[in-house]
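Engineer: Chains as they are written, first to last, in our numbering: chain A, 1 to 297; chain B, 1 to 371.
Keep in mind that the hints were calculated from the coordinates and are not lab data. There could be a bad hint or two in this list.
To be verified - To give an idea of the interface, some chain B residues facing chain A are shown, with a C-beta separation under 10 Å as derived from the structure: (1) Ala50; (2) Gly51; (3) Lys74; (4) Arg75; (5) Pro88; (6) Leu100; (7) Leu102; (8) Phe281.
Where a beta carbon is used, it is the ideal one built from N, C-alpha and C, also for glycine.
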Amino acid sequence: MLARHYIGESWKHGLLIIGALIVLIPFYMMVSMSLKSQQEIQSISGGLVGAQEIQTFPVCTKHGYTEEVCTMRPYKYNFWFAFKKAPIPRYLMNGLIVTVSIFLIQVLIALPCSYALAKLRFKGREFVFSMVLFCLLIPVHAIALPLYVMLAKAGLVDTYAALIIPWTISVFGIFLMRQFFMTVPDELIDAARMDGMGEYSIVWKVMLPVAIPALLAFAIFSVVAHWNDYFWPRIVITGNRDLFTPPLGIREFRGGIDSDEFGPMMASIVTVTIPLIVAFIVAQKRFVEGITMTGMK
Amino acid sequence: MGTISLKNINKSFGSTEVLKQLSLDIQDGEFLTLVGPSGCGKSTLLKIIAGLEQQNSGDVIIDDKNVNSTRASKRDLAMVFQSYALYPHLTVRKNLETPLKLRDYSFVERLPLVGNFVPSRKEKKKSIDDLVFKTSETLKITELLDRKPGQLSGGQRQRAALGRAMVREPVAFLMDEPLSNLDAALRVHMRSELSELHNSLKTTFIYVTHDQAEALTMSTRMAVMIDGELLQLDTPSEVYNNPSSLRVAEFVGSPKINTFAAQITSDGSVEFTGIKLERKFNTNSQKALVAVRPEHLEITKDSNKPAFEATVSYRENLGSDIFYHVQVDQSDFKIIVRGSPAGLISNGETVRISLSHAEAMLFETSGERIR
Chain A
1 MLARHYIGES WKHGLLIIGA LIVLIPFYMM VSMSLKSQQE IQSISGGLVG AQEIQTFPVC
61 TKHGYTEEVC TMRPYKYNFW FAFKKAPIPR YLMNGLIVTV SIFLIQVLIA LPCSYALAKL
121 RFKGREFVFS MVLFCLLIPV HAIALPLYVM LAKAGLVDTY AALIIPWTIS VFGIFLMRQF
181 FMTVPDELID AARMDGMGEY SIVWKVMLPV AIPALLAFAI FSVVAHWNDY FWPRIVITGN
241 RDLFTPPLGI REFRGGIDSD EFGPMMASIV TVTIPLIVAF IVAQKRFVEG ITMTGMK
Chain B
1 MGTISLKNIN KSFGSTEVLK QLSLDIQDGE FLTLVGPSGC GKSTLLKIIA GLEQQNSGDV
61 IIDDKNVNST RASKRDLAMV FQSYALYPHL TVRKNLETPL KLRDYSFVER LPLVGNFVPS
121 RKEKKKSIDD LVFKTSETLK ITELLDRKPG QLSGGQRQRA ALGRAMVREP VAFLMDEPLS
181 NLDAALRVHM RSELSELHNS LKTTFIYVTH DQAEALTMST RMAVMIDGEL LQLDTPSEVY
241 NNPSSLRVAE FVGSPKINTF AAQITSDGSV EFTGIKLERK FNTNSQKALV AVRPEHLEIT
301 KDSNKPAFEA TVSYRENLGS DIFYHVQVDQ SDFKIIVRGS PAGLISNGET VRISLSHAEA
361 MLFETSGERI R
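Construct all of the structure, not just a fragment, from the sequences and the given hints.
Structural biologist: Written out as structure tokens, the structure is:
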């Protein structure tokens with residue numbers, strides 16, 4: 001009886017392990033390639049870290065560095081050259097500026113909106129909410145062109161504003177927070193009104209602190225989506241490398257004379273991914289809570 | 001001062017009328033209970049007094065001032081909610097300070113950081129601290145001041161909520177079923193504490209409850225509301241002993257009052273299930289309802305007393321009293337009789353029931369009282 005129980009369980013776990021491997025193998029490849037030399041990558045040898053022999057890298061010398069400078073262990077070279085070739089800190093900084101601004105403005109707009117939709121009685125409230133739901137159905141790609149034209153007319157292409165403005169009103173955020181505010185008892189709001197708070201004070205001093213868990217969930221959705229976004233920055237950042245976000249930056253490593261040098265490319269990808277992985281590990285519990293709370297995905 | 005009067009208040013949500021032409025005068029220092037079954041509009045009425053809900057028509061007058069267009073916070077009332085509605089992210093101390101800060105501090109003084117540099121704030125902070133301390137002493141929650149509501153038990157939260165209402169020293173307290181989230185023992189205990197608090201504060205209390213026991217035990221006057229109408233406003237004993245209509249008689253008192261169909265003869269004497277009332281009534285109706293409270297009926301062995309026969313179908317033992325649910329005349333008609341714990345009667349036994357005093361109330365079939 002017990003044995004059969006274990007067989008049943010191990011079957012399930014086996015399947016889950018296979019699933020996990022499928023997800024993890026690309027990560028393994030990425031980390032491994034960022035540490036190995038070009039020859040090892042191409043011959044698929046060397047295991048996870050490779051032999052780490054000190055060698056001179058030809059692409060490096062082609063870029064005008066002396067041979068002495070270009071002689072080192074592969075892992076060191078990959079990361080060193082990635083940072084030499086592209087201003088990765090700048091990209092990370094841009095990513096941070098864009099995602100944080102987007103999130104803060106989204107909260108600034110979504111909280112009063114969702115408070116009104118959840119707790120205030122006014123004519124047309126249901127209609128407004130149905131419009132919010134309707135907007136959830138519009139894919140970004142469908143409105144990308146008109147958005148671009150508008151930004152271009154306003155002279156905002158190649159600015160931070162172009163990266164931020166189109167995302168500041170998050171219907172998903174409004175929807176998510178509205179659903180959360182529905183669960184906040186009316187009495188709490190009535191109590192705040194009796195104490196003498198105005199509606200805006202209620203939003204920022206009562207609803208915001210109460211909604212921290214929901215906001216964290218929303219923050220994860222928002223930050224992950226915009227940190228990883230390649231599509232939109234690719235459209236509105238046409239030439240200015242100083243405004244590249246991390247995903248655009250990775251693209252620097254593709255094409256050109258050293259198009260097939262995977263080591264530094266993977267090293268740059270690892271660098272870009274690390275902040276999200278760290279954030280995920282720190283907020284893992286919240287992340288799972290957030291996903292289960294919204295009932296999405 | 002804390003007189004509140006309501007004049008012809010009407011309120012409807014969509015097409016449902018919640019309050020119909022309701023007028024009510026509340027005296028200074030009174031403990032007035034608004035009691036009625038769920039959905040009778042009592043909470044709505046309280047919110048209208050508080051200013052959290054706007055009436056469709058009618059006037060709310062506090063201390064001779066019409067406050068129809070005065071904001072909730074400017075009416076100088078304090079409210080205690082059923083779910084306590086403490087700010088969950090603030091400590092009890094901060095919860096108590098909030099209404100005072102909002103009332104006493106100017107806009108600049110409320111600003112974070114900048115506010116600290118305004119000289120007048122220091123004095124106000126001192127008086128706020130004093131008030132918070134005084135209130136917490138009165139309610140015995142001083143040692144809980146630095147905890148958050150989540151770390152408190154139900155009774156402690158109740159006290160903290162009371163404290164938040166008390167610090168403002170309002171003209172009147174509004175309480176919306178404040179005890180209904182507590183367990184039975186604590187609820188009874190808090191009843192007496194609330195009464196004591198009322199006695200020491202001498203402030204007007206308006207207390208909403210659906211529990212008629214709370215209304216009977218605590219209030220100086222109780223207002224019975226059913227279906228958006230104020231049916232009777234009187235002292236608890238008057239309401240209990242002398243209800244103005246059958247609906248009030250049925251709502252107040254537990255177990256529920258018994259009603260019997262009665263015949264009235266032309267000379268005004270009333271007879272029901274074979275018992276004739278001693279008193280004669282002056283009425284033109286021929287049919288009426290007699291209502292008798294369970295404690296005014298008794299199980300008798302005296303065959304000379306006018307009585308009727310009934311079968312015991314269920315026994316409710318409360319320790320001090322036993323309530324017998326009995327079936328009259330083998331029919332489905334059931335009444336409740338109070339018996340003494342001595343001499344238990346078992347289910348299925350036939351007993352004779354008579355009136356213990358001549359206390360019976362007569363109502364028209366439509367529910368109005370015949371006196």
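Engineer: Take the hints in turn and mark each one as holding or not.
Structural biologist: Hint-by-hint comparison with the structure:
Satisfaction of the interface hint for Ala50 (chain B) is found here, the shortest Cβ-Cβ separation to chain A being roughly 6 Å, below the 10 Å cut-off. Hint status for Gly51 (chain B) relative to chain A: holds, with the closest Cβ pair at about 8 Å, below 10 Å. Given the 10 Å rule on beta carbons, the hint for Lys74 (chain B) holds: about 8 Å separates it from the nearest Cβ of chain A. Hint status for Arg75 (chain B): holds, given a least beta-carbon distance of 9 Å to chain A, under 10 Å.
Given the 10 Å rule on beta carbons, the hint for Pro88 (chain B) holds: about 6 Å separates it from the nearest Cβ of chain A. Taking 10 Å as the C-beta cut-off, the interface hint given for Leu100 (chain B) holds, the closest approach to chain A being about 9 Å. Residue-level restraint check for Leu102 (chain B) holds (minimum Cβ-Cβ distance to chain A is 4 Å; threshold 10 Å). The closest approach between the C-beta of Phe281 (chain B) and any C-beta of chain A is roughly 48 Å, which is over the 10 Å cut-off, so the hint fails.
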